[in-house]
Amino acid sequence: MTTEDRIRTFVLDELNFDGDPSELTPDFPLIDRHVVDSLGIMQMVTFLEEELGVAVADDDVVPEHFESVRRIAELVEARRGARR
Amino acid sequence: MTERLDRLVAAAAASVPDRAAVVDGHRVLTYAELEERVGRLAGLLAGHGVVRGDRVALYLDKSAESLVGLYAALRAGAAYVPLDPDAPPARLAAVARDCEPKVLLTGAEKAGRWDEVAGASPALAAVVVLNGDDDGELPEAAAGVPVLRAATTSAPAGPPPDGDPGDLAYLLYTSGSTGTPKGIALSHRNGFAFVDWAVAEFGVSGEDRLSSHAPLHFDLSTFDVFAAARAAATVVLVPPSASVFPVVLARFVAEQAISVWYSVPSVLTALTLRGGLQGGELPRLRTVLFAGEVFPTKYLRRLMELLPHAEFANLYGPTETNVCTYHRVPPLPPGRDEPIPIGRAIAGVDAFIVTDAGTLAAPGEPGELLIQGPTVMQGYWRDPERSAKALAPPPFPGAPSAPAYRTGDLVREREDGEILFLGRRDAQIKSRGYRIELGDIETALYAHPDVVECAVVPVPDDRVTNRIKAVVAARGPLRESALARFCAGRVPRYMVPDAFEFRDALPKTSTGKIDRQRLLQGRDP
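In order, the protein sequence lines correspond to chains A and B. Here the first sequence is numbered in this note's numbering, starting from 1 and rising by one per residue. Here the second sequence is numbered in this note's numbering, starting from 1 and rising by one per residue.
Treat the hints with caution; some may be incorrect.
Interface residues of chain B toward chain A, partial, derived using beta-carbon atoms under 10 Å [stated by the list, open to error]:
id, residue
1, Asp98
2, Gly276
3, Cys487
Partial selection, computed: residues in chain A whose CB lies under 10 Å from chain B [said to hold, decoys possible]:
id, residue
4, Phe10
5, Leu12
6, Glu14
7, Phe17
8, Asp18
9, His34
10, Ser38
11, Ile41
12, Met42
13, Glu50
14, Leu52
15, Val54
16, Ala55
17, Val56
18, Asp59
19, Val62
A few chain A residues that don't get close to chain B, going by computed Cβ distances all over 12 Å [said to hold, decoys possible]:
id, residue
20, Asp5
21, Arg6
22, Gly19
23, Asp27
24, Phe28
25, Thr46
26, Gly53
27, Arg70
28, Glu74
29, Ala78
30, Arg79
31, Gly81
Since the hints were derived computationally from the structure, they do not count as laboratory data. Keep in mind that this is a model prediction, so the values were computed, not measured. We put the CB at the ideal spot given by N, CA and C, even for glycine.
Construct the entire structure; sequences and hints are all you get.
Right, here's the structure in full:
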């Protein structure tokens, strides 16, 4: 599975996504639609750190990086790149 | 000052007209501007027949306009009923049928759904859109109910109608165990007694800038809104992104020079863990108040270390009583992780701990907490039976004869007189500060034709108090996502289970009831 797929699966299984799975495209607005809410953001960060193994700084946890599955995947790739 | 909430803005506008009353993003309303808008909207409400004793519902996102709407309802002599703008319209329709608003105040973002929410309310005389472009499109009128825009009308402000402190000021609907929300009826005096105490206790003054984090349908908001007006201080609305992103929240508190913060603990836990605070930031933040659930001591201690200049207090009280006890948090020694107390009764309020035998508990002995005093609600809206059960004189010999509210909370008194919260007597839980009846969620699940049996259980979580898990036996293949979606159409989002577990059947007790203890303790496979 690609990083984007793993994030998408996490959103479907663990977060407050109550639409049809086919609606969850890479650019689906996670914040505007309240899928990433105050609880979801903490779960997501824990998932990125513990399951995908990237270090997420407090300053990374901002709307720009979490507004869609695509943006979250880009954050993960960027932090992986930074580590190398 | 009379114990009424509808006089606060006028008084502040008379003494400090140019002071910022409400900050909503880049928009600032001074007290003079707020007073002017409240007066005009109150005139419009009166023009549509709103009189003392009526209800006016608020159905819009929290904004400067929603505060204008709230005060205008009060100014017109009515009670305001803040609807959860994110709740399913079907659930709000049940609320509207129950409270029968004369006018629905809404915003452009919600106006299109007004008919679903309030169309069945027989008393409805008008729908008023409080924001948006003057030439923007308005939703259609229906069944003789006009839809109009507040901004284009300039009704003159009449004087406030005569009122009594015992008049209904607001109705707050909360989760009910049978699946129907119940309306908690609070008078001007009920709200005023709490606000007046809080302003004095925490020294709120015109120099202060209060955050407003809680939505208006959540009773924490009454402090932000009314304490600010009582003290002629400024209330600053917390933008939605700051509620989600802790770094954005820290920035908001800094940039807006917030001096008094009040919210549920889970927000503060997130700020502590992910706010990027190193210690010593937010120098203007002098008072941090929290309520609604238990603040895990380890996170509270950490936040107190990060904000050494601030005072911290735990406020306690179900919506039915307003805040009724409080605890100023002393320095917390490292390694001490037991929960902090809910404290002692606020001025003018009596807290009694009553045993199952109906006697006053001895110090240290567990019992149910009963609250008596001016902050205690009038009752549940149009539900005398439930009201009579909840409000009764304390049973112990020699008790004062005024009604007390039975909180359903089990507590005990510590040696130093501080009260400790021990747990609930019933199936009510807290999650992210929201109060939830498990039966309310089960009712929603049972409405699905394929659900044969279900039980909803709390899963303790130290960041949000509880996550919600549904254990379901279904006929045929039922997908978790489908059931979650079904649920989201019936209950507010914070009540939709975080996890679903499907089983062939649920465990039973010897009497054939669903064995909740077994599900709770995870003793069964």
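Evaluation of the provided hints:
no.	hint	result
1	Asp98	violated (26 Å)
2	Gly276	holds (4 Å)
3	Cys487	holds (8 Å)
4	Phe10	violated (13 Å)
5	Leu12	holds (7 Å)
6	Glu14	holds (8 Å)
7	Phe17	holds (7 Å)
8	Asp18	holds (4 Å)
9	His34	holds (6 Å)
10	Ser38	holds (5 Å)
11	Ile41	holds (5 Å)
12	Met42	holds (6 Å)
13	Glu50	violated (14 Å)
14	Leu52	violated (17 Å)
15	Val54	violated (15 Å)
16	Ala55	violated (13 Å)
17	Val56	holds (9 Å)
18	Asp59	holds (6 Å)
19	Val62	holds (6 Å)
20	Asp5	holds (17 Å)
21	Arg6	holds (17 Å)
22	Gly19	violated (7 Å)
23	Asp27	holds (18 Å)
24	Phe28	holds (14 Å)
25	Thr46	violated (10 Å)
26	Gly53	holds (18 Å)
27	Arg70	holds (18 Å)
28	Glu74	holds (17 Å)
29	Ala78	holds (17 Å)
30	Arg79	holds (15 Å)
31	Gly81	holds (22 Å)
Taken one by one, the earlier hints fail for this structure at numbers 1, 4, 13, 14, 15, 16, 22, 25, listed in ascending order.
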